[in-house]
Structure formats: structure tokens, C-alpha cells
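Given the sequences, and given the hints that come with them, work out the whole structure.
Protein chains in written order, with the numbering used here: chain F, -5 to 328; chain L, 2 to 306.
These aren't lab readings, by the way, just hints derived from the structure by calculation. It is possible that part of the hints are untrue.
What the hints assert, rightly or not - Taking lysine-lysine pairs in the DSSO-like style, the calculated list, with each CA pair at most 30 Å apart, reads:
1) K125/F to K73/F
2) K123/L to K73/F
3) K123/L to K140/F
4) K81/F to K194/F
5) K125/F to K123/L
6) K124/F to K221/L
7) K123/L to K81/F
Unchecked claim - Pulled from the structure, derived: some chain L residues nowhere near chain F, Cβ distances all over 12 Å:
8) R9
9) F18
10) I19
11) T21
12) V28
13) G32
14) L72
15) L88
16) S194
17) I199
18) I205
19) G212
20) T233
21) Q264
22) I287
23) Y305
Just so you know, even glycine gets a beta-carbon here, dropped at the ideal spot from N, CA and C.
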Amino acid sequence: MSEPLLEVKSLSTHFFTEDGIVPSVRNVSFTVNKGEIVAIVGESGCGKSVTSLSILQLVSKPGRIVGGEILFNGMDLTKMTEREIRKIRGNKISMIFQEPLTSLNPVFTVGNQITETIRLHQAVDKEQAKKLAIELLKTVGMPNPKKQYSSFPHQLSGGMRQRVMIAMALSCNPELLIADEPTTALDVTIQVQVLNLLRKAQRKFDTSVILITHDLGVVAEMADRVIVMYGGEIVEQNDVYNLFKEPKHPYTKGLLNSTPKIHQLEDSLESIEGNVPTPENMPAGCKFNTRCPFAMQKCIENNPDLERKGDGSYIRCWLYEDSEQEKAEAVVSL
Amino acid sequence: MRKYLIRRLLQIIPVLFIITFVVFVLVYKAGDPVALMLPEDASESDRAAMREALGLNEPFLVQYFSFVGDLVKGDFGTSFRSNQEALPLVLERLPATLELAAASMIVAIILAIPLGIYSARKQNTLTDLFITGGSVLGKAMPNFWLGIILILLFAVNVQMFPVSGRGSLMHLVLPAITLGTGIAAEMTRLIRSSMLEIFNQDYIRTAKSKGVSNSVLVYKHAFRNSLIPVVTIMGLQISHLVSGALITETVFAWPGVGQLLIQAVNGRDMAVVQAAVFVIALLVIIVNLLTDLAYRLLDPRIHYS
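This is the structure in C-alpha cells:
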């Protein structure tokens, strides 16, 4: 369980726009172990999707990875040639996207799109690929898979389309599945079905999953470990139980407080004051200082480092700055 | 689908009636054909007799309804000039025009598809700038000018191709390039912008995430989607092809419907003008209908009802 499958080290992805450089992802490091579900949470624009696209080298122009390593089974994905990374995509690492209607090609049948992935990475003929695709459609709970094999995406409902995406993503038994907001575009009842399906598949194939979402309900339901991102940086990382029980970073606290809870009757929901700063207005110091209720002079001057605490969590906040002695203890306890 | 087809075919009838009416009014107002038919020193009584014989002295509405009466029987009347039935005269010229139109389309497609795709893939490079600039130039050059320049260059200076006329494949080359260039230019720009839009679609990202190679990405996933808007606009452009054909045929003395029509207009040959416009209009309508049907092949989301 603890063997790392993916190690992202100091990843930075910047967008080189006409108005200047936008550092969407800065110095992001995290690990995904075998069989683990890691959730990356944060508001729109926090860099979570760009992080996931960076892993498969799918960031489109004018974006570019400017630094860091992405080790997958020890191989650095950022150093691979286009041909080498193509053999990983859809095969060892596959992706599921948010909007299943626009993510499927409208002019090809479901079957065509699934068999395309199968035939790219497996030495099978057309007939075998078709059999495998129908089998996959059955696995993802598609009713009448033989018939739906020849359907076009527009003939299916949103949930069915997302099942097709999942079937496609699972078609080569990937070691890592990156699901970018897989349920955001779906009805609540369908969301549950899709999440159950993802978990079932994850257990069956022992796949590792990176789950990108802004929905804390989904996180609590699915994740083993949670990474919270803000302004292109990781601000907190912890296992799911402790993160929900005892959030540390003011941003994480704000996120959790802005989720309605059934036990507490409140007239209005709390929200985090202000808006996510646009990339060009990103403050100096801690990126959250413009909205943080605890902001101090120090926060405006310097950005804290992401520090590992004794309990295994990571936090980027001056409020939790260790004294030198505590730091030494933390090092010893490793 | 069947209902749709029947409705579309029925719509052709009123359209053709309106077109024939407009043409009738234009030719009626254009002047007296008798003045051109008889020698200059013909007496006024000769002219009157001629008009009487041709039915030209009747009031406008009487002339129009007698024309329509014949028209529904498929009779466009007789050419004043050649004394032949007008419709067969036009139909006899039709293959030449179709040949020219088809050859021009082929020229346009051969040029536009690779150029459009290439310039989209190389967006904002020097190559892209050249192709885009070239297509503006291609669109801006009038057919009659391009035709004459091509004749001067490749038929007079370098005698590679015949100056004019129809016959061998060599005769077809220059007129087809003349007529095809403008269409190719328009098509290149359309394919380029359409491809660029498609490159940003989510399903292209999905295809990439599956490990698809660049050429499969462009030619399988992007190109077919990009054709949907291209076909729409090209269907509407078909009338430009026809009007371009009129000019090109005249420049190259290509014995098609266009050349015949221009001669007939100059000679105020009412029956031939009517028949030629009718045939051309019908052709445009049919091509538009075929374009609409072609969508279904390209885009499974389209249903006709």
C-alpha cells in the first residue's frame, strides 16, 4: 500500500500569455501510492486541473511545464518523448473528464471510441477489441451493452456518457486513473452511481486514483488522502479522516465551514470572504492573506513553506510554524 | 426523412416560379428584341408585324401568363435568334458547364484541404501567414482577370495549354484553375478556422489522453468534425461557383450554359434567357439539397423531420 506509484516533485506549470506569465501551478509535490485514492481539492483556478493535465503532458499552449519531475514507476514523464508518453497515455495512466458530452467525439460511435483505445495499446484484432469493449460496457453497468456499442454519444444520457468515459479509461487496466471532476456535470443520483462504479473499479483492478474535485462530499466519500490547493500551491495535505476532523489551514477550515451540515441548524452558510485573486493580482507572501481572517504582517511579507508535521500532515501556514526544537523532533521521528 | 425530402422537393416549385417572374420582368424591361433582330433600315410597319408575330405587342400580363402556360407544359418557347427550341439548346450546353464546375471543385478541394489543415496546425507561424495571405489574394482576384493572366502566361508566352475552347483534358486545366482558385481560397480559410476551433474541443483532449498519434488526432478526430461548418458554407457558395462559371466560360470561350446565357442576354433572346436561368436555378437548388443531405453522413446528431 505504501509503495509510491507516482511522485510529483516541485512541479511548476506556467502559462505564457500575451499579458504575461501566469504561474498556474507552483512547486507542487505529492505522492500517490499503489491502490490509493488521493483527492485534490480547491476552488476554480487553484491549479488542480492543470496539475492533473501536467502529469500526462496534456497542458496545451501557451501552457508549459517549467520545472520539476513527475516520476511514474520511477520514470520521469516530463523527460519522455512524445512517442514514449503516448504509450503511457490511456494505457498506464488514463483520464476521465468533467463534461462527458463534450469529452466524447460526437461523430464516432461509443464502440469506435472505446476500441480505439484498446487497439492502440493492445495487440488484438477488431473482433476481439469489440468483444472487450462490450465486456467493459457491461462492467460499467451500461444496460444493453451490445446495442449501446453502436450508439453515438448524443443518444445517451449524461450518466451513460460518463460510464462510457470510464469504460474507455479502464480499457487497458491503467495503474493510475486521473478523474477530473468526474461527477460535477451529473445529477446527484447519477453522481452516487458513478462514484460507486469508480470505487468498484478501483478495488477490482487495484488502480490508484487521483480525484480532482471541489465537492467535499465526494472527497469524504472516496478519498484516502486529501491535498488542498490554493493559488497554484498545496496549502495542506492530510489523510481524509484527520483533515475533516481537524482542519488546520484557515483556507481548509473555510472550505469545510462553507459546506452545509445537517446537525447544525444555521440561518446562513458561512463563506470565505472575498474571491480567489486572479493570477495577475496574486498577493505577495501567503497567497491566502487577502481572505484570511488570521492574516498577520508576516503573512503579507513572506510565503510560508509547506512543512511536514509530526503527525504526517503537511501545512503551509505561519500559524503552525514549528519552533526550531519541534522541527528537530519531527526530523527525529521520521 | 421521406417527409423531409418531399417537403424540400415541393419547396422548389414556388422558388422556380419567383425566379422565372423576376427574369421575365427584367427581360421585358431590357428593351425591344425586334430592334436587334431586323436590319436598321427596316420600316416601322415591318417592325410592328414582327412584334405581332412574336406576340410582343400584347400587354405585359397577357405575355406573362401565356409564357407561364407554356412553361408548365415544359415549353420555354423558341429562340428568336436561332429559331430552335430554347430548352434543348440549354440542355445541350449543360454537360460542358457541369464538367467545368466539377473540375473547379476538384482543384479547390485538392488545394484547400491540405493548405487549410496545415495552416491550422502551424497557427501563427510564417507558413500560416503565407497561406492565409495567399487565400486573401486568391479570393480578391476577379475571375476574368485571373483567366486572362493565366492565358497570357500559360497559353501565349509558354504554350502549355490551349488558349480557349473545349475538347481535351488540356483545355480544361486553365478554366478549372481560374474558377477553382477563388473557391479554394474561401475553403482554405474555412477549414483553417474550423480546425482551430475543433483543436480546442474537449474531445480532442480526450483523444490525446488516450494516446492517439498526432496524425490520427488531426485526420480522424478533428477533420471530420471540422467539415460540418465547411460543408454548410460551401453549399451556400455554390451560387458563386455558377456566377463564376458565367465569366470563366466567356473568358475561355467554353461552350457552356453561362456563355449561352450571356449571348442570349445580349441578343435579348427571352426564351433562351428564361430556359438558361431556370436550369441554373434548378441546379443550385438541387446542389443545396444534396449538401443538406450530406450533413447526415458527417454528423450523426442531425435528424431530418
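Practice prompt. Check each numbered hint from earlier against the structure, then list the numbers of those it violates in ascending order.
Written response: 1, 3, 5, 17, 18 and 19
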